[in-house]
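Visitor: What follows is the residue order along each chain.
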Amino acid sequence: VGWFNGVPEHRHLDPDLSGASVAVVGHGNVALDCARIISAPLPHLEKTDISEHALHRLQQRRTKNVSLFGRRGMLQFQGTIKEVREFTKLSGVHLSVESDNIADVRAIMGSIPRPKKRLTDLLLKHSSPKQEQEGDISVCLKFGWSPVEVQTDTQNKVTGLLLRKNLISGDMLHPTITPTEETLELPCTCVITSIGYKVIKLPGVPFCERTHRIPEHGSRVLEYPDGPILPGLYTSGWARRGSDGVIATTITDSANTAYSILEDLREGRCSDVSEEEDMVSELEQRGVKVVTFDQWNRVDKVEKESGKAKGKPREKLLDYDEILKVK
Amino acid sequence: AVVSTQSTGVRSRGSLSDTISSSRSSHFLSLFRILQQHAPLLPVNHIHTTTFRAHEHPQPPSSPDETVTINYVLRDGTTRTIAGRTGDNAMYLAHSNDIEIEGACEASLACCTCHVYVDHDYFDKLPESTEDEEDMLDMAPELQENSRLSCQIILSKEIDGITVQLPRITRNFYVDGHVPQPH
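These protein sequences, in sequence, are chains A and B. Using my numbering, the first residue of the first sequence is number 1151, and each one after it goes up by one. Using my numbering, the first residue of the second sequence is number 941, and each one after it goes up by one.
Treat each hint with caution, since some may be false.
[Unchecked claim] Only some residues are given here: those of chain B computed to face chain A with a beta carbon under 8 Å:
#: 1; residue: A1044
#: 2; residue: A1050
#: 3; residue: C1051
#: 4; residue: Y1057
#: 5; residue: D1059
#: 6; residue: D1061
#: 7; residue: D1064
#: 8; residue: L1066
#: 9; residue: L1083
[As the list claims (entries may be wrong)] The following residues of chain A were derived to be distant from chain B, with all beta-carbon distances above 12 Å:
#: 10; residue: S1168
#: 11; residue: E1233
#: 12; residue: P1265
#: 13; residue: K1266
#: 14; residue: L1269
#: 15; residue: E1299
#: 16; residue: T1304
#: 17; residue: L1352
#: 18; residue: G1395
#: 19; residue: T1399
#: 20; residue: I1401
#: 21; residue: T1402
#: 22; residue: A1405
Just so you know, the hints here were simulated from the structure itself, not pulled from any lab data. Computed from a predicted structure; not experimentally measured. Glycine included, every Cβ here is placed at the ideal spot set by N, Cα and C.
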């Protein structure tokens, strides 16, 4: 995701899209996002602010199918309905679903709450999808598969993915997952894993191993869960809430965090409040390269100008040195 | 913590900078309104917002022909009756009358924060919701059969007198049980 979004650290990722197949392990929204970018029609991508090197690589793709593998069953699917529906709106993309438990899932649809029912209905609809058109890229959600081994050649390039079939039985809402002897060897040049979420732990910042989150209340970091507040330290987003929600959720989370900070400032709960200039010079003394908001506005302007010529909302700068030059 | 030295004090809503920015920033606009009310002396500067589009600032009706009355039942049980115009967007009309409906995604069907309950007598008079709206409604807490996204309700004579009720909770507001100071 960093690669196609223009994160400087990831610009040399160089995924190999020269083979017919791409394998994605995981069924969450990030997995769906990766599959969507790989399979999306080029005219659609060319009008976005996708990073230049990613667009270039996608323009050369020879991908014919993207398979997304989930360990469990259809009712354990982690992606959200809007993200699945996106595939059905892209021309040149053919969405399908493979599961051994279609009948079992259909049998209990009556008892499922509305949101899950609508999502599952959409998945079931694509388990017998309409005819694939010539030239389509096939995106297939496959249920009940666990990855076993990434296969490589002597130069350590990916040649395939070995998977094992799982038997999904019992209550479809809380099924028993049993490994079977059946395996699948998918020849492919690219394997993308998208499972779970790990917080990057920072020294000095409390962390709760059990919940895998930074302990907090109202975005204010706590020494330990339900413990005392650490004044002046705040947390926002997935490190605080877990890997849940879409961009709009996280934007709102950050706004709520800002609210807490402003409230603390107003109530005088922050003892060491400095002016922006002093903060910037302190950081620069420590060897940190600082870009202030005003300077970011200049970068923003340059990116937008560069994008205009290509019909893109912006052309992202991908090099920290370039960004520092422009600011 | 850092306090910016470039404060220009609190601006009234009508004169906010119209710097173009990401389309998701109207939530900051509504949060900013709350902050204005609760912390009037805080320096808050350079809030990025989109330029105000005409329909985001509904004008009062100029004749009875185009007047459509809409009632908003607030969380405290009180009712605000607003005279809107045909074509007004129920969510933006609420915003311009200081009724606290969220609108995090600016009516782009990417969130469910403008969720309302529609009076049963009027629910069937509304055009059917699209799949996209239904997808977002799936995420709304305390969803009911008469739930709709207010950003998809466009005022017309057919729904003159409609009542919409704000839900007790929304997905985004005060997620930690924080209660705003009364104002």
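Visitor: Next, verify each hint and record whether it holds.
Guide: Results for each hint:
1. Interface restraint check: A1044(B) against chain A, minimum CB-CB distance 5 Å, threshold 8 Å, status holds.
2. For the restraint placing A1050(B) at the interface with chain A, the shortest Cβ-Cβ distance is roughly 5 Å, inside the 8 Å limit, so the hint holds.
3. Hint status for C1051(B): holds, given a least beta-carbon distance of 4 Å to chain A, under 8 Å.
4. A least Cβ separation of about 15 Å between Y1057(B) and chain A goes past the 8 Å threshold, and the interface hint is therefore violated.
5. The beta carbon of D1059(B) comes no nearer than 21 Å to any beta carbon in chain A, farther than 8 Å, and the hint placing it at the interface is violated.
6. Proximity of D1061(B) to chain A is violated relative to the hint, the smallest CB-CB distance being about 23 Å (cut-off 8 Å).
7. With a cut of 8 Å, the hint placing D1064(B) at the interface with chain A is violated, because the nearest CB-to-CB distance is about 19 Å.
8. A distance limit of 8 Å between C-beta atoms decides the matter here; for L1066(B) the minimum to chain A is near 19 Å, and the interface restraint is violated.
9. Satisfaction of the interface hint for L1083(B) is found here, the shortest Cβ-Cβ separation to chain A being roughly 7 Å, below the 8 Å cut-off.
10. Residue placement check: S1168(A) keeps its beta carbon more than 12 Å from all beta carbons of chain B (closest about 35 Å).
11. Not every Cβ of chain B is farther than 12 Å from the Cβ of E1233(A); the closest lies at roughly 9 Å, contradicting the non-interface assignment.
12. For P1265(A), the non-interface assignment is contradicted: its Cβ lies about 4 Å from the closest Cβ of chain B, within the 12 Å cut-off.
13. The non-interface label for K1266(A) is inconsistent with chain B: the shortest C-beta to C-beta separation is roughly 8 Å, within 12 Å.
14. With a cut of 12 Å on Cβ distances, L1269(A) falls inside the contact zone with chain B, its closest approach being about 8 Å.
15. The claim that E1299(A) lies off the interface holds: its Cβ sits roughly 37 Å from the closest Cβ of chain B, which is beyond the 12 Å cut-off.
16. The beta carbon of T1304(A) sits about 47 Å from the closest Cβ of chain B, which is more than 12 Å, so the claim that it is off the interface holds.
17. For L1352(A), the non-interface assignment is confirmed: its Cβ lies about 18 Å from the closest Cβ of chain B, beyond the 12 Å cut-off.
18. The beta carbon of G1395(A) is not kept farther than 12 Å from every beta carbon of chain B, the shortest such distance being approximately 9 Å.
19. Its closest Cβ contact with chain B, about 8 Å, brings T1399(A) to no more than 12 Å, contrary to its assignment away from the interface.
20. The beta carbon of I1401(A) is not kept farther than 12 Å from every beta carbon of chain B, the shortest such distance being approximately 5 Å.
21. Distance check on T1402(A): its Cβ comes as close as 4 Å (rounded) to a Cβ of chain B, failing to clear the 12 Å threshold; non-interface status is violated.
22. For A1405(A), the shortest C-beta to C-beta distance to chain B comes to about 5 Å, within the 12 Å cut-off, and the non-interface label is violated.
Hint check: violations occur at hints 4, 5, 6, 7, 8, 11, 12, 13, 14, 18, 19, 20, 21, 22; the rest are consistent with the structure.
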